[in-house]
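Residue numbers (my numbering), protein chains in the order written: chain A, 1 to 174; chain B, 1 to 174.
Since the hints were made in silico from the structure, they are not lab data.
Small disclaimer: the values here were computed from a predicted structure and weren't measured.
In the DSS-like style, the derived pairs of lysine-lysine whose C-alpha atoms are separated by at most 25 Å in a straight line are:
hint : chain 1 : residue 1 : chain 2 : residue 2
1    : A       : Lys147    : B       : Lys147
2    : A       : Lys92     : B       : Lys59
3    : A       : Lys112    : B       : Lys147
4    : A       : Lys147    : B       : Lys92
5    : B       : Lys112    : A       : Lys147
6    : B       : Lys147    : A       : Lys59
7    : B       : Lys92     : A       : Lys59
2 protein chains.
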Amino acid sequence: MQKSPSLFYDIILLHLHTHKTLLLLLLLLLLLLLFFSRFKATGGGKRQAAEMDPDAVAKAFVDHYYSTFDANRAGLSNLYQDSSMLTFEGQKIQGSSNIVAKLTSLPFQQCKHSITTVDCQPSGPAGGMLVFVSGNLQLSGEQHALKFSQMFHLMPTPQSSFYVFNDIFRLNYA
Amino acid sequence: MQKSPSLFYDIILLHLHTHKTLLLLLLLLLLLLLFFSRFKATGGGKRQAAEMDPDAVAKAFVDHYYSTFDANRAGLSNLYQDSSMLTFEGQKIQGSSNIVAKLTSLPFQQCKHSITTVDCQPSGPAGGMLVFVSGNLQLSGEQHALKFSQMFHLMPTPQSSFYVFNDIFRLNYA
Numbered sequence: 001m002q003k004s005p006s007l008f009y010d011i012i013l014l015h016l017h018t019h020k021t022l023l024l025l026l027l028l029l030l031l032l033l034l035f036f037s038r039f040k041a042t043g044g045g046k047r048q049a050a051e052m053d054p055d056a057v058a059k060a061f062v063d064h065y066y067s068t069f070d071a072n073r074a075g076l077s078n079l080y081q082d083s084s085m086l087t088f089e090g091q092k093i094q095g096s097s098n099i100v101a102k103l104t105s106l107p108f109q110q111c112k113h114s115i116t117t118v119d120c121q122p123s124g125p126a127g128g129m130l131v132f133v134s135g136n137l138q139l140s141g142e143q144h145a146l147k148f149s150q151m152f153h154l155m156p157t158p159q160s161s162f163y164v165f166n167d168i169f170r171l172n173y174a
Numbered sequence: 001m002q003k004s005p006s007l008f009y010d011i012i013l014l015h016l017h018t019h020k021t022l023l024l025l026l027l028l029l030l031l032l033l034l035f036f037s038r039f040k041a042t043g044g045g046k047r048q049a050a051e052m053d054p055d056a057v058a059k060a061f062v063d064h065y066y067s068t069f070d071a072n073r074a075g076l077s078n079l080y081q082d083s084s085m086l087t088f089e090g091q092k093i094q095g096s097s098n099i100v101a102k103l104t105s106l107p108f109q110q111c112k113h114s115i116t117t118v119d120c121q122p123s124g125p126a127g128g129m130l131v132f133v134s135g136n137l138q139l140s141g142e143q144h145a146l147k148f149s150q151m152f153h154l155m156p157t158p159q160s161s162f163y164v165f166n167d168i169f170r171l172n173y174a
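Given these sequences and hints, build the entire structure.
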């Protein structure tokens, strides 16, 4: 019983020595398998990102965006890039620094957003996402909250995060 | 003077008969020129479409969409495709026929949209456009109009038109 495995390996080694072509083929097969397993793993990772619950991503983005807006508007700068566009009450602004300059210069110091609805949809093959928000905006010192609607077109970054490519904001006057 | 052109053509024809390779090359050159002039014309057409005033396109779309909605909701079907998505008051619907089935089954017969604001932005390299609308919706028999916000992601068709890829609708309750 103890001899048998050793004999088995001896036979295999003998075969490998006498069949160098077979050895090379086996090595090649192993390399191919490794390559495809890596390929599949990468694909799997991408699939996982695409299958992430979009509603959860949208909700997390909205929470992050408005809490940052209410606590430290300048902190929004890393959510935008140079190609980003904001249309704020009809005024068009492009680029992260211009957008943050606009947001930080709004004529109020303190505000509090309350979100009423968040809807989201995938926006096409580039992996983007549309987020549509409605809610109330309470300015400090004002009695009544302002109703607003806002839409974001989020685009994926190479770091598997998102940045705001399009942003359109409107107050809903009564 | 009359003989000269005839002689000229005779010489040319003689040349063409004796230089069949040259004739073939000339034909090939002509075909290449034709091909590239068509190619350039198409490119020019695309450039022209991209340079069209986006605000004017958005305004024309919005006029067409809501006048069709108010006159004949079933007529909206050719603005959507199978990949189109509608989120209507939080309910997600996909595909032209499902979307039109939803819109035609809304619990009112007559309505009139009045548009308050239209904002638009280009949505990325695929030639799409985001259109953000706010306005009032008057249902027949109702005293007060309902306020709504709606966003469309329009995508270009091969026929240089647009279809609605994303559509999110929300009423803005008081």
